[in-house]
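Colleague: Build the complex: two chains, separate frames, hints provided.
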Amino acid sequence: MSASFAPQCTEKKKSYDNCFNEWYNEKFLKGVATVNECEDTWREYEECVQSALAEKGIKKMLDQAEKEAPFKKNGVLTGSEEVSFTKDSKN
Amino acid sequence: MKIFSQQHIFGYSWEQVSSANWKKYPNEMSTHVIAVDVLRREIDPETNILKTERLLTCKQAVPRWLLTLVGGQEVSYVREVSEVDLKKRTLVLRSVNLTMNNLLFVYETVMYKPDPTNPTFATVFNQEAQITAFGSFKRLCNKIEEWSVDRFQSNASLGRAGFESVLNKVTNTVHEGESVLEIMTERVKEGVFLKNKAV
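Protein chains in written order, with UniProt numbering: chain A, 1 to 91; chain B, 1 to 199.
Just chain B, same shape as in the assembly (with noise of 0.2 Å):
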């Protein structure tokens, strides 16, 4: 297993940032996002935390030669429940993928929460990602393993930027509509604090 952690902070509030997290698909930096799906959603009636569970449907993003060892498909899914605390503010993501997870395993968690040192402003954004791939072949696994931690690290300063900017958008017209609003980007995959741990 290989794990990936990182850390960014945005010049957003809080409430900012956890409205835009709604909003983020379509954007034209993440088109490998093609559909989310809200599944369930409950608001518990005594710590009134929202709960939500959401489908991504993503455009199959795997290499050629990964494609030709386990057959290609063309869209796989992501399983996504999330938590909103109003009380602490917090909004935590936890996503894993549905599909061909016999061979690779990602279990992402995410967490927004303000900037202890700029809490009306700030939003502290904390990714860890566990990535496990199976097989029989040790070093197979090694090489899927190496081609996610690429994977992470080439979306970096992309999705950072489109973040950044989509924020800027959303919270410039947060009450002129939903048009500029649905421009949200993909989760924020900038390489901070990478760490990488072979297990």
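One chain only, chain A, in its complex shape (with noise of 0.2 Å):
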């Protein structure tokens, strides 16, 4: 499992990490999900990392990021052509 960028929070991370990858393998995958059931493990890890974020400064570089390319539309980059892949079935 991979490390914390904020080396205090890398035991949380893997509690998270644990918890989802069973989720997303048991619940997830066989559809059966609605709900992301790792709520505690995520709460306890998340407070960890925002505040390590902050501290970094790397959070204003996240929102700089935000804005150009908003989570809420997937990430995709503001003003550039959605990549489609259209040409994509081989030989």
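Derived by calculation from the structure, the hints in this document are not laboratory data.
Misleading hints may appear alongside valid ones.
Unchecked claim - Computed cross-link-like contacts, DSS-like style, restricted to lysine-lysine with a CA-CA straight-line distance of at most 27 Å: (1) A:Lys67 x B:Lys59; (2) A:Lys14 x B:Lys2; (3) A:Lys14 x B:Lys51; (4) A:Lys73 x B:Lys2; (5) A:Lys59 x A:Lys27; (6) B:Lys87 x A:Lys30; (7) B:Lys51 x A:Lys30; (8) B:Lys88 x A:Lys73; (9) A:Lys30 x A:Lys67; (10) A:Lys72 x B:Lys143; (11) A:Lys56 x A:Lys30; (12) A:Lys12 x B:Lys59; (13) A:Lys60 x B:Lys51; (14) B:Lys143 x A:Lys73; (15) A:Lys56 x B:Lys51; (16) B:Lys2 x A:Lys67; (17) A:Lys27 x B:Lys2; (18) A:Lys30 x A:Lys59; (19) B:Lys88 x A:Lys30; (20) A:Lys60 x A:Lys73; (21) A:Lys72 x B:Lys87; (22) A:Lys27 x A:Lys72; (23) B:Lys88 x B:Lys2; (24) B:Lys87 x A:Lys56; (25) B:Lys88 x A:Lys60; (26) A:Lys27 x B:Lys51; (27) A:Lys67 x B:Lys51; (28) B:Lys51 x A:Lys12; (29) A:Lys27 x B:Lys143; (30) A:Lys59 x B:Lys59; (31) B:Lys51 x A:Lys72; (32) A:Lys60 x A:Lys30; (33) A:Lys27 x B:Lys88; (34) B:Lys51 x A:Lys59; (35) A:Lys59 x A:Lys14.
To be verified - What follows is a set of in silico ranges between Cβ atoms, one per label pair, in the way DEER data are often shown: (36) B:Ile9 x A:Ala54: 38 to 44 Å; (37) A:Ser15 x B:Val149: 36 to 42 Å; (38) B:Ile49 x A:Glu47: 34 to 40 Å.
Every residue gets a Cβ at the ideal spot worked out from N, C-alpha and C, and that includes glycine.
Modeller: So this is what it looks like as structure tokens:
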């Protein structure tokens, strides 16, 4: 499991990742998930990571990226033509 | 701007590939990715699409001549937004670099979907990267863009071999716990269909 950029958050991230990966394989991919069920571990990890982002000045860069490629629009870069991969059938 | 695109087919189901996507790092093939953080994750109650925002932390991998010009940084950051659509069976990832983007801006789109000719057992990987270098000196910008092309090409065979081997491990041990699943590899960079367009 990958580390967090903030060492103090790595353990919390591991707990969350474990929960998420099980949920993803056992519920989401099987089409029986309607909510993300890892709220408890998520909250702990998120709190840790968000404060570290602000501390290290990464939050500002992320805010800028959010303006240019909003989460709501799936990270599509504003003003850029969406890549459709239409010519993707091989051979 | 230069555009790179490539395609590859993996002999694994879309479900296996999409599951492995969350467990890519760390792995011995892509040691430059030193951390991955989940910043936001939502499941749409109507469409059931899972959306995730992540921060990838990388050790800087730029040539010395470039660092001399722009000043060195220890790490660089990439922000990625992804969507998993279970109904369409697609996984799309879009990434931009957060650091040094006043000099070089990379916007990458990756899509995994079932291979239409073998949808149960094979997955098509498509990647396109738009690379733009900014600066007052055209020759320098061209050099930076060329270097970026070289980076994509040099990572190619390594990335492909790594991803295949990891998929193999994940597939064979999917119920044996997390330790083996942790070994995931970098986004595949084998230049199968390398297109190099100068704009």
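Colleague: Hint by hint, say whether it matches the structure.
Modeller: A quick look at each hint next to the structure:
The straight-line distance between the Cα atoms of Lys67 (chain A) and Lys59 (chain B) is roughly 25 Å, inside the 27 Å bound, and the hint therefore holds. A threshold of 27 Å between alpha carbons decides the hint, and for Lys14 (chain A) with Lys2 (chain B) the separation of about 38 Å lies outside it, so the pair is violated. A hinted pair counts as satisfied when its Cα atoms are at most 27 Å apart, and Lys14 (chain A) with Lys51 (chain B) qualifies at roughly 20 Å. Distance restraint check for Lys73 (chain A) and Lys2 (chain B): the Cα-Cα separation of roughly 24 Å lies within the 27 Å cut-off, and the hinted pair is therefore satisfied.
Proximity of Lys59 (chain A) to Lys27 (chain A) is assessed by CA-CA distance (about 32 Å); at most 27 Å being required, the pair is judged violated. For the hint pairing Lys87 (chain B) with Lys30 (chain A), the CA-to-CA distance comes to about 11 Å; that is within 27 Å, so the pair holds. About 17 Å separates the Cα atoms of Lys51 (chain B) and Lys30 (chain A), which keeps this hinted pair within 27 Å; it holds. Distance restraint check for Lys88 (chain B) and Lys73 (chain A): the Cα-Cα separation of roughly 18 Å lies within the 27 Å cut-off, and the hinted pair is therefore satisfied.
For a cut-off of 27 Å, the pair hint linking Lys30 (chain A) to Lys67 (chain A) is broken: about 34 Å separates their Cα positions. Between Lys72 (chain A) and Lys143 (chain B), the direct Cα distance comes to roughly 35 Å. Violation of the 27 Å bound is thereby established for this hinted pair. Simply put, Lys56 (chain A) and Lys30 (chain A) have alpha-carbon atoms about 39 Å apart, too far for the 27 Å limit, and the pair is violated. Restraint check: the Cα-Cα separation between Lys12 (chain A) and Lys59 (chain B) comes to about 23 Å, which is no more than 27 Å; the hinted pair holds.
Proximity of Lys60 (chain A) to Lys51 (chain B) is assessed by CA-CA distance (about 21 Å); at most 27 Å being required, the pair is judged to hold. For the proposed pair Lys143 (chain B) and Lys73 (chain A), the alpha carbon gap of about 33 Å is over 27 Å, so the pair is violated. A C-alpha spacing of about 25 Å is found between Lys56 (chain A) and Lys51 (chain B), which places the hinted pair at or below 27 Å, so the restraint holds. The straight-line distance between the Cα atoms of Lys2 (chain B) and Lys67 (chain A) is roughly 23 Å, inside the 27 Å bound, and the hint therefore holds.
Our distance criterion of 27 Å between C-alpha atoms is broken by Lys27 (chain A) and Lys2 (chain B), whose separation comes to about 41 Å. In summary, the hint linking Lys30 (chain A) to Lys59 (chain A) is not supported, as the alpha carbons are separated by about 35 Å, beyond the 27 Å threshold. Under the criterion of a C-alpha separation no larger than 27 Å, the hint pairing Lys88 (chain B) with Lys30 (chain A) is consistent with the structure, at around 14 Å. Restraint check for Lys60 (chain A) and Lys73 (chain A): the C-alpha separation of about 20 Å stays at or below 27 Å, so the hint holds.
A threshold of 27 Å between alpha carbons decides the hint, and for Lys72 (chain A) with Lys87 (chain B) the separation of about 19 Å falls inside it, so the pair holds. Between Lys27 (chain A) and Lys72 (chain A) the CA atoms are separated by roughly 24 Å; this keeps the pair inside 27 Å, and the hint holds. About 30 Å separates the Cα atoms of Lys88 (chain B) and Lys2 (chain B), which puts this hinted pair outside 27 Å; it is violated. At roughly 39 Å between alpha-carbon atoms, Lys87 (chain B) and Lys56 (chain A) are farther apart than 27 Å, so this suggested pair is violated.
At most 27 Å may separate the alpha-carbon atoms for a hinted pair to count; Lys88 (chain B) and Lys60 (chain A) exceed this at roughly 34 Å. This hinted pair checks out: Lys27 (chain A) and Lys51 (chain B) have alpha carbons roughly 16 Å apart, not beyond 27 Å. At most 27 Å may separate the alpha-carbon atoms for a hinted pair to count; Lys67 (chain A) and Lys51 (chain B) meet this at roughly 17 Å. Using a Cα cut-off of 27 Å, the hinted pair Lys51 (chain B) and Lys12 (chain A) holds, with the two alpha carbons roughly 21 Å apart.
Note on Lys27 (chain A) and Lys143 (chain B): the hinted pairing is violated, with a Cα-Cα distance of about 48 Å set against a maximum of 27 Å. For a cut-off of 27 Å, the pair hint linking Lys59 (chain A) to Lys59 (chain B) stands: about 19 Å separates their Cα positions. Taking the CA atoms of Lys51 (chain B) and Lys72 (chain A), the gap is near 9 Å; set against the 27 Å cutoff, the hint holds. Distance hint between Lys60 (chain A) and Lys30 (chain A) is unfulfilled; the C-alpha atoms sit about 38 Å from each other, more than 27 Å.
Pair hint Lys27 (chain A) plus Lys88 (chain B) holds up; C-alpha atoms about 17 Å apart against a cutoff of 27 Å. Between Lys51 (chain B) and Lys59 (chain A) the CA atoms are separated by roughly 19 Å; this keeps the pair inside 27 Å, and the hint holds. Proximity of Lys59 (chain A) to Lys14 (chain A) is assessed by CA-CA distance (about 22 Å); at most 27 Å being required, the pair is judged to hold. A beta carbon spacing of about 42 Å between Ile9 (chain B) and Ala54 (chain A) agrees with the range 38 to 44 Å that was offered as a hint.
Distance hint check for Ser15 (chain A) and Val149 (chain B): the Cβ-Cβ separation is about 41 Å, which falls inside the suggested range of 36 to 42 Å. A C-beta distance of roughly 26 Å is found between Ile49 (chain B) and Glu47 (chain A), which places it outside the suggested range of 34 to 40 Å.
Hints 2, 5, 9, 10, 11, 14, 17, 18, 23, 24, 25, 29, 32, 38 from the list above are not met by this structure, while the remaining hints are.
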